[in-house]
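Protein chains in written order, with this note's numbering: chain B, 2 to 232; chain L, 2 to 149.
Derived from the structure by calculation, the hints contain no laboratory data. There may be inaccurate statements among the hints.
[Unchecked claim] Derived EDC-like pairs (lysine to aspartate or glutamate); straight-line CA-CA distance at most 16 Å:
(1) L:Lys-51 <-> L:Glu-10
(2) B:Lys-143 <-> B:Asp-219
(3) B:Lys-183 <-> L:Asp-65
(4) B:Lys-104 <-> B:Asp-94
(5) L:Lys-84 <-> B:Glu-194
(6) B:Lys-145 <-> B:Glu-229
(7) B:Lys-185 <-> L:Glu-21
(8) L:Lys-91 <-> B:Glu-227
(9) B:Lys-185 <-> B:Glu-227
(10) B:Lys-120 <-> B:Asp-219
(11) B:Lys-143 <-> B:Asp-186
(12) B:Lys-183 <-> L:Glu-19
(13) B:Lys-185 <-> L:Glu-10
(14) L:Lys-8 <-> B:Asp-219
(15) L:Lys-99 <-> L:Glu-10
(16) L:Lys-11 <-> B:Glu-67
(17) B:Lys-145 <-> B:Asp-157
(18) B:Lys-123 <-> B:Asp-34
(19) B:Lys-87 <-> B:Glu-101
(20) L:Lys-98 <-> L:Glu-10
(21) B:Lys-143 <-> B:Glu-201
(22) L:Lys-84 <-> B:Asp-197
(23) L:Lys-91 <-> L:Asp-65
(24) B:Lys-133 <-> B:Asp-65
(25) L:Lys-11 <-> B:Asp-65
(26) L:Lys-51 <-> B:Glu-57
(27) B:Lys-123 <-> B:Glu-213
(28) B:Lys-113 <-> B:Glu-229
(29) B:Lys-120 <-> B:Glu-101
(30) B:Lys-113 <-> L:Glu-19
(31) B:Lys-185 <-> L:Asp-65
(32) B:Lys-39 <-> B:Asp-56
(33) L:Lys-98 <-> L:Glu-19
(34) B:Lys-39 <-> B:Asp-200
(35) B:Lys-39 <-> B:Glu-57
(36) L:Lys-99 <-> L:Glu-21
(37) L:Lys-8 <-> B:Glu-194
(38) B:Lys-113 <-> B:Asp-34
Bear in mind that the values here come from a model prediction, so they are computed numbers and not experimental data.
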Amino acid sequence: MNEMCDILEREKRAALPKTAVIPPDQLRTWIHDTFQGKLVNETRCLYCENVTSRDETFFDLSLDVEQNSSISACLKNFSSTETLGKDDKFLCDNCNGLQEAQKGMKVKSLPKILALHLKRFKYIEHLGRYRKLSYRVVFPFKLKLSNTAERTPDVDIPYSLFAVVVHVGSGPNHGHYICVIKSKDNWLIFDDENVDLIDESVLPNFFGSSREFSGNSDNGYILLYEQERKG
Amino acid sequence: MGGASSKLEKSLGGQLPEGENYYGLENFGNTCYCNSVLQALYFCQPFREKLLERAQTLSSSEGDNLLDCLSNLFLQIHSQKKKTGVIAPKRFVQRLKKDNELFRSYMHQVSLETPGPSASSPWYTENRSDVATLVRDLRTPKSFSTTC
Numbered sequence: 002m003n004e005m006c007d008i009l010e011r012e013k014r015a016a017l018p019k020t021a022v023i024p025p026d027q028l029r030t031w032i033h034d035t036f037q038g039k040l041v042n043e044t045r046c047l048y049c050e051n052v053t054s055r056d057e058t059f060f061d062l063s064l065d066v067e068q069n070s071s072i073s074a075c076l077k078n079f080s081s082t083e084t085l086g087k088d089d090k091f092l093c094d095n096c097n098g099l100q101e102a103q104k105g106m107k108v109k110s111l112p113k114i115l116a117l118h119l120k121r122f123k124y125i126e127h128l129g130r131y132r133k134l135s136y137r138v139v140f141p142f143k144l145k146l147s148n149t150a151e152r153t154p155d156v157d158i159p160y161s162l163f164a165v166v167v168h169v170g171s172g173p174n175h176g177h178y179i180c181v182i183k184s185k186d187n188w189l190i191f192d193d194e195n196v197d198l199i200d201e202s203v204l205p206n207f208f209g210s211s212r213e214f215s216g217n218s219d220n221g222y223i224l225l226y227e228q229e230r231k232g
Numbered sequence: 002m003g004g005a006s007s008k009l010e011k012s013l014g015g016q017l018p019e020g021e022n023y024y025g026l027e028n029f030g031n032t033c034y035c036n037s038v039l040q041a042l043y044f045c046q047p048f049r050e051k052l053l054e055r056a057q058t059l060s061s062s063e064g065d066n067l068l069d070c071l072s073n074l075f076l077q078i079h080s081q082k083k084k085t086g087v088i089a090p091k092r093f094v095q096r097l098k099k100d101n102e103l104f105r106s107y108m109h110q111v112s113l114e115t116p117g118p119s120a121s122s123p124w125y126t127e128n129r130s131d132v133a134t135l136v137r138d139l140r141t142p143k144s145f146s147t148t149c
């Protein structure tokens with residue numbers, strides 16, 4: 002996707018007169034309009050209470066997963082505040098000192114298409130290799146983000162799930178990927194050459210397993226949500 | 002392949018939605034991840050609409066970058082007369098592999114310069130990016146080299 006975006010940006014740049022500086026919003030392409038959201042990274046100095054904020058754009062959100070949790074819990078965790086202290090103090094521009102601070106990230110502008118990636122492949126330090134986490138993470142058909150900044154526009158418009166890329170298998174370097182998709186009012190399963198109709202009630206099978214080393218290994222890995230149309 | 006598609010048509014009771022084609026994608030060896038992401042993107046309506054528009058403007062002589070290959074693939078699926086079947090996303094996969102080789106050889110250099118806990122293993126090289134997200138994964142679709 003980044004590459005496709007680069008291609009469009011290059012084309013747009015080529016179409017514009019070769020002036021020295023092109024404002025970034027002129028290089029905005031339909032890929033940005035479709036997939037790009039904005040995060041605000043806020044750091045509050047615990048000495049002078051000044052808040053330093055920085056915006057970051059994203060095309061997708063990568064979420065840490067925990068056993069028996071949900072997408073909302075993962076998003077909450079994503080936006081939880083961490084305290085910077087000890088060896089990791091914050092240089093506050095306002096009071097000009099290295100201070101303890103609280104840092105957190107919230108969604109400031111919602112993308113039309115929200116891509117969520119569950120970090121199910123984790124590097125385990127003491128094993129020296131990656132492991133797959135088949136944890137049960139519930140994903141809803143309709144999602145409203147709660148980890149948003151104040152005055153985020155369109156925050157009340159829900160997202161609907163329309164695609165789930167599923168990893169099948171117990172390990173990170175073997176297994177299989179399939180895709181479950183909603184098209185019109187049907188759910189379909191795409192497995193390479195094969196396409197089949199499935200019932201909506203089958204989707205919870207892809208949440209994951211609440212027991213370690215047993216049970217279901219078909220787990221949702223990437224979730225695509227589309228913002229419902231306004232009005 | 003005929004069997005599988007007619008089975009789908011049967012289970013839909015012969016009522017396939019207007020304007021929607023459902024095509025399986027052939028696996029070229031380890032391309033199940035790529036196929037899954039392609040299907041997800043195909044059914045992302047705003048994305049598909051833009052790519053179909055783009056495909057209309059391409060003449061057969063041009064269209065060699067990844068986005069063009071994807072546009073052409075989407076158009077190919079979209080313009081099939083039969084509602085179901087199987088398509089081989091050959092040009093797209095070739096283009097992706099070609100782009101990835103460049104990317105991988107670059108990543109390889111990086112990992113040699115910064116030896117990590119298992120930097121010597123080729124697997125580590127492939128997984129260094131830890132992106133594995135949909136968006137970046139189109140660039141590195143096999144960040145986990147899954148055999149399927």
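Going down the list of hints, with the structure as the test:
Among the hinted pairs, Lys-51 (chain L) with Glu-10 (chain L) is inconsistent with the structure: their alpha-carbon atoms are about 28 Å apart, more than 16 Å. Between the alpha carbons of Lys-143 (chain B) and Asp-219 (chain B) the distance comes to roughly 21 Å, so the proposed pair goes past 16 Å and is violated. Pair hint Lys-183 (chain B) plus Asp-65 (chain L) does not hold up; C-alpha atoms about 30 Å apart against a cutoff of 16 Å. A hinted pair counts as satisfied when its Cα atoms are at most 16 Å apart, and Lys-104 (chain B) with Asp-94 (chain B) qualifies at roughly 15 Å.
Under the criterion of a C-alpha separation no larger than 16 Å, the hint pairing Lys-84 (chain L) with Glu-194 (chain B) is consistent with the structure, at around 14 Å. With a C-alpha separation of about 11 Å, the suggested pair Lys-145 (chain B) and Glu-229 (chain B) falls inside the 16 Å cut-off, and the hint holds. At roughly 9 Å between alpha-carbon atoms, Lys-185 (chain B) and Glu-21 (chain L) fall within 16 Å of each other, so this suggested pair holds. For the hint pairing Lys-91 (chain L) with Glu-227 (chain B), the CA-to-CA distance comes to about 29 Å; that exceeds 16 Å, so the pair is violated.
Between Lys-185 (chain B) and Glu-227 (chain B), the direct Cα distance comes to roughly 13 Å. Compliance with the 16 Å bound is thereby established for this hinted pair. Between Lys-120 (chain B) and Asp-219 (chain B) the CA atoms are separated by roughly 15 Å; this keeps the pair inside 16 Å, and the hint holds. For the proposed pair Lys-143 (chain B) and Asp-186 (chain B), the alpha carbon gap of about 15 Å is at most 16 Å, so the pair holds. A distance of roughly 15 Å separates the Cα atoms of Lys-183 (chain B) and Glu-19 (chain L); the hinted pair therefore holds under the 16 Å criterion.
As the CA atoms of Lys-185 (chain B) and Glu-10 (chain L) are separated by approximately 15 Å, the hinted pair is consistent with the 16 Å bound. Restraint check: the Cα-Cα separation between Lys-8 (chain L) and Asp-219 (chain B) comes to about 24 Å, which exceeds 16 Å; the hinted pair is violated. Between Lys-99 (chain L) and Glu-10 (chain L), the direct Cα distance comes to roughly 36 Å. Violation of the 16 Å bound is thereby established for this hinted pair. Between Lys-11 (chain L) and Glu-67 (chain B) the CA atoms are separated by roughly 40 Å; this puts the pair beyond 16 Å, and the hint is violated.
With a CA separation close to 7 Å, the supplied pair Lys-145 (chain B) and Asp-157 (chain B) stays within the 16 Å bound. A distance of roughly 31 Å separates the Cα atoms of Lys-123 (chain B) and Asp-34 (chain B); the hinted pair therefore is violated under the 16 Å criterion. A distance of roughly 8 Å separates the Cα atoms of Lys-87 (chain B) and Glu-101 (chain B); the hinted pair therefore holds under the 16 Å criterion. For the hint linking Lys-98 (chain L) to Glu-10 (chain L), the alpha-carbon distance of about 33 Å lies beyond 16 Å, and the restraint is violated.
Pair hint Lys-143 (chain B) plus Glu-201 (chain B) holds up; C-alpha atoms about 13 Å apart against a cutoff of 16 Å. Pair hint Lys-84 (chain L) plus Asp-197 (chain B) holds up; C-alpha atoms about 13 Å apart against a cutoff of 16 Å. Under the criterion of a C-alpha separation no larger than 16 Å, the hint pairing Lys-91 (chain L) with Asp-65 (chain L) is consistent with the structure, at around 13 Å. For the hint pairing Lys-133 (chain B) with Asp-65 (chain B), the CA-to-CA distance comes to about 12 Å; that is within 16 Å, so the pair holds.
Straight-line distance between C-alpha atoms of Lys-11 (chain L) and Asp-65 (chain B) comes to about 41 Å, which puts the hinted pair past the 16 Å bound. For the proposed pair Lys-51 (chain L) and Glu-57 (chain B), the alpha carbon gap of about 25 Å is over 16 Å, so the pair is violated. At most 16 Å may separate the alpha-carbon atoms for a hinted pair to count; Lys-123 (chain B) and Glu-213 (chain B) meet this at roughly 15 Å. Distance restraint check for Lys-113 (chain B) and Glu-229 (chain B): the Cα-Cα separation of roughly 8 Å lies within the 16 Å cut-off, and the hinted pair is therefore satisfied.
With a C-alpha separation of about 29 Å, the suggested pairing of Lys-120 (chain B) with Glu-101 (chain B) is violated against the 16 Å cut-off. Annotation: proposed proximity of Lys-113 (chain B) to Glu-19 (chain L) is violated, straight-line Cα distance about 24 Å (limit 16 Å). A C-alpha spacing of about 32 Å is found between Lys-185 (chain B) and Asp-65 (chain L), which places the hinted pair above 16 Å, so the restraint is violated. A C-alpha spacing of about 7 Å is found between Lys-39 (chain B) and Asp-56 (chain B), which places the hinted pair at or below 16 Å, so the restraint holds.
Of the pairs offered as hints, the one joining Lys-98 (chain L) and Glu-19 (chain L) is violated, with about 34 Å between alpha carbons and a cut-off of 16 Å exceeded. For the proposed pair Lys-39 (chain B) and Asp-200 (chain B), the alpha carbon gap of about 35 Å is over 16 Å, so the pair is violated. At roughly 6 Å between alpha-carbon atoms, Lys-39 (chain B) and Glu-57 (chain B) fall within 16 Å of each other, so this suggested pair holds. A distance of roughly 31 Å separates the Cα atoms of Lys-99 (chain L) and Glu-21 (chain L); the hinted pair therefore is violated under the 16 Å criterion.
For the proposed pair Lys-8 (chain L) and Glu-194 (chain B), the alpha carbon gap of about 13 Å is at most 16 Å, so the pair holds. The straight-line distance between the Cα atoms of Lys-113 (chain B) and Asp-34 (chain B) is roughly 7 Å, inside the 16 Å bound, and the hint therefore holds.
Violated hints, in rising order: 1, 2, 3, 8, 14, 15, 16, 18, 20, 25, 26, 29, 30, 31, 33, 34, 36; the structure is consistent with all others.
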